[in-house]
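Asker: Here's the letter readout for the chains.
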Amino acid sequence: MKQPPDTRCLVLACGNTLRSDDGVGPWLAEWAEERFSANSAVRVISRQQWTPELAEEIAHASSVLFIDCSVDSTPGSVKLTPVEASPVAQGLGTHHLGAAKLLALSRDLYDSLPPPAELLTIGAGSIELGEVFSEAVTAALPSACRLIEETVLQMLNQSSQRK
Amino acid sequence: MSQTITIDPVTRLEGHGKITIQLNDQGEVADAHFHVTQVRGFEKFAEGRPFYEMPSLMARICGICPVSHLLASAKACEAIMSVRIPHTAAQLRRMLNMAQMVQSHALSFFHLSSPDLLLGMESDPELRNIFGVAAARPELGRAGIGLRRFGQHIIELLGNKRIHPGWVVPGGVTEPLAPAKRDEILAMLPEAYANVGMALAAYKQIADRFSQEISVFANFPSNYLGLINEDESIEFTDGALRLIDHRGGIIEDGITANRFTEVIGEAVENYTYTKFVYYKPLGYPEGSYRVGPLARLNIVKSMGTPKADQELAEFKQLATGPIESSFFYHHARLVEALYGIENIERILADPQILDKHVRAVAGVNRLEGAGQIEAPRGTLSHHYKVDDNGKITWANLIVATGHNNNAMNKGVLQAAKSYVRGGKFTEGALNRVEAVIRTFDPCLSCSTHAFGQMPLAMTLLNADGEVVDTLIR
Chain B
0 MKQPPDTRCL
10 VLACGNTLRS
20 DDGVGPWLAE
30 WAEERFSANS
40 AVRVISRQQW
50 TPELAEEIAH
60 ASSVLFIDCS
70 VDSTPGSVKL
80 TPVEASPVAQ
90 GLGTHHLGAA
100 KLLALSRDLY
110 DSLPPPAELL
120 TIGAGSIELG
130 EVFSEAVTAA
140 LPSACRLIEE
150 TVLQMLNQSS
160 QRK
Chain V
0 MSQTITIDPV
10 TRLEGHGKIT
20 IQLNDQGEVA
30 DAHFHVTQVR
40 GFEKFAEGRP
50 FYEMPSLMAR
60 ICGICPVSHL
70 LASAKACEAI
80 MSVRIPHTAA
90 QLRRMLNMAQ
100 MVQSHALSFF
110 HLSSPDLLLG
120 MESDPELRNI
130 FGVAAARPEL
140 GRAGIGLRRF
150 GQHIIELLGN
160 KRIHPGWVVP
170 GGVTEPLAPA
180 KRDEILAMLP
190 EAYANVGMAL
200 AAYKQIADRF
210 SQEISVFANF
220 PSNYLGLINE
230 DESIEFTDGA
240 LRLIDHRGGI
250 IEDGITANRF
260 TEVIGEAVEN
270 YTYTKFVYYK
280 PLGYPEGSYR
290 VGPLARLNIV
300 KSMGTPKADQ
310 ELAEFKQLAT
320 GPIESSFFYH
330 HARLVEALYG
340 IENIERILAD
350 PQILDKHVRA
360 VAGVNRLEGA
370 GQIEAPRGTL
380 SHHYKVDDNG
390 KITWANLIVA
400 TGHNNNAMNK
410 GVLQAAKSYV
420 RGGKFTEGAL
430 NRVEAVIRTF
440 DPCLSCSTHA
450 FGQMPLAMTL
460 LNADGEVVDT
470 LIR
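Protein sequences, first through last, are from chains B and V. The first sequence begins at 0 in numbering that gives the first Met the number 0 and counts up by one. The second sequence begins at 0 in numbering that gives the first Met the number 0 and counts up by one.
Heads up, some of the hints might be wrong.
Here's a subset of chain V near chain B, in silico, CB distances under 10 angstroms, partners left out [to be verified]:
hint, residue
1, 132
2, 133
3, 161
4, 162
5, 165
6, 168
Simulated from the structure, these hints should not be mistaken for laboratory data. Think of the CB as a built atom: it goes at the ideal place given N, C-alpha and C, for glycine as much as any other residue.
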């Protein structure tokens, strides 16, 4: 079977486009796909949920930028935080995994060091049924795009330096 | 004083359910029920919609087997249109169905059940998951992911989406297979064969350790229903249904989709939203039966592909007649996954597979239509009635979990009687009661058309109905 290509930066977004601000992950993934369409070292994957199969994609990547909305943050706040693989992977669900558990699963299954990873979140104002973002999230989109661009370029640069 | 045990939620299932175990005054298990606790009502939502929208609407019932609903719904629509779809479209749909069956069986075996099988029913529940499997047998964890990717990627190649592809439409499919996509699928086959071979070898290595579970995991005589071809080989997309008894004798054969409701009925119990499906001539509950991988392998005489036929011959050595223990659903699932890969290879070798004629077009020519297929979990039927404008006036779906409902409940009771002693249960005992349900791989969202979180839970009640113990994960 054809293996996923070696990727210097994997952008991994999740969210449900029918649940208002939860759809911001797929929206930003689409933006990143277009922004880096000419760069084959960047691979963008958007899913409704992160499932165990994505561990294989992570194992083939030099760095990972996770993108998700956050119900625990102030609506519209954009945050970038480093992600480490969970030391012990417990209480796993098969329908949805968090970023840290996905890194851990990739490490355990593919016997590879987890790649440097960051999680970009945008605080959700509403995750009710709907296809329109809240005002807070709409206003935050330009800064989120800028941060994605900076982070991806930095990850590509660091990946080149490590080679 | 009698007591009741509740397992709520039951974990590692597709959907949300719970188990209650009723104890008598002596602390022995008197009764047990598997409850599916949420309702959705898709049939009602469908009323008033144009019939040609139904496949894509019905696919939204489930993210695990949307392809099954797509296909059963499209077939019901084609009965309304009175069309026969082009040969190539039929072949492409078969391939799509096989891809879904392979990925779904991989999910059931590797992600949901292999923690019990490889790590043990009594192993640390915190590690009894795919992470535990990754630590103990990483090659099997990778095989599971590889097999899932194989099926999902074929669905994506054919339907342009991994979940809820809109490619299947009434009359056929929206676009033919491109040569590059055919070649990409062919290139994936060797790894898929290796992965399923590894799973079969691992299963056979450990199955003997579970003789006690085999003896009490829904191990009782029952009837079996499934699609079969005229040459008595296995069938998932076309053919007609055969019902056999516990000795292997044919009760009824040639049940086509338009005869389905003549012979199949649905009963209701007050403790669950899932209906109990039964064979009308035998009545309820005597006419209950099992569907899915175990039933299909019990019914057929051959798989129709060489590697799977070798595995079927070995499988049938497990008993002289139908194999009764639901523990063997795991084994049957792997044999079917192997068949699915072989069948995909065979379909791709069809000289007409790249033909561009893949869709028949027609309007309403009948006011009623039904379609039936084999979903990964068992027989799935969609039945619609429309008005002269093609708007749905009535819809009924009968899904695998409804067919298996009686057997699942009897199986829970059998296992509870074996593992709950003196009004007490250990975590390992609890896990075994849950594991009986997992053998059937039920899809609860489909069966009630449920909405919400996935897991399942357990409660112990005394004779007065008071909760004396509960386990929620």
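Asker: State for each hint whether it applies.
Answerer: The hints, checked one at a time:
The interface hint given for residue 132/V is met, as the beta carbon of that residue sits about 9 angstroms from the closest beta carbon of chain B, less than 10 angstroms. Because the beta carbon of residue 133/V sits about 4 angstroms from the nearest beta carbon in chain B, less than 10 angstroms, this interface hint is met. The criterion of a C-beta within 10 angstroms of any C-beta in chain B is met by residue 161/V, whose closest approach is roughly 8 angstroms, and the hint holds. Taken as an interface hint, residue 162/V checks out: its beta carbon lies about 7 angstroms from the nearest beta carbon of chain B, inside 10 angstroms.
For the restraint placing residue 165/V at the interface with chain B, the shortest Cβ-Cβ distance is roughly 15 angstroms, beyond the 10 angstroms limit, so the hint is violated. The beta carbon of residue 168/V comes no nearer than 22 angstroms to any beta carbon in chain B, farther than 10 angstroms, and the hint placing it at the interface is violated.
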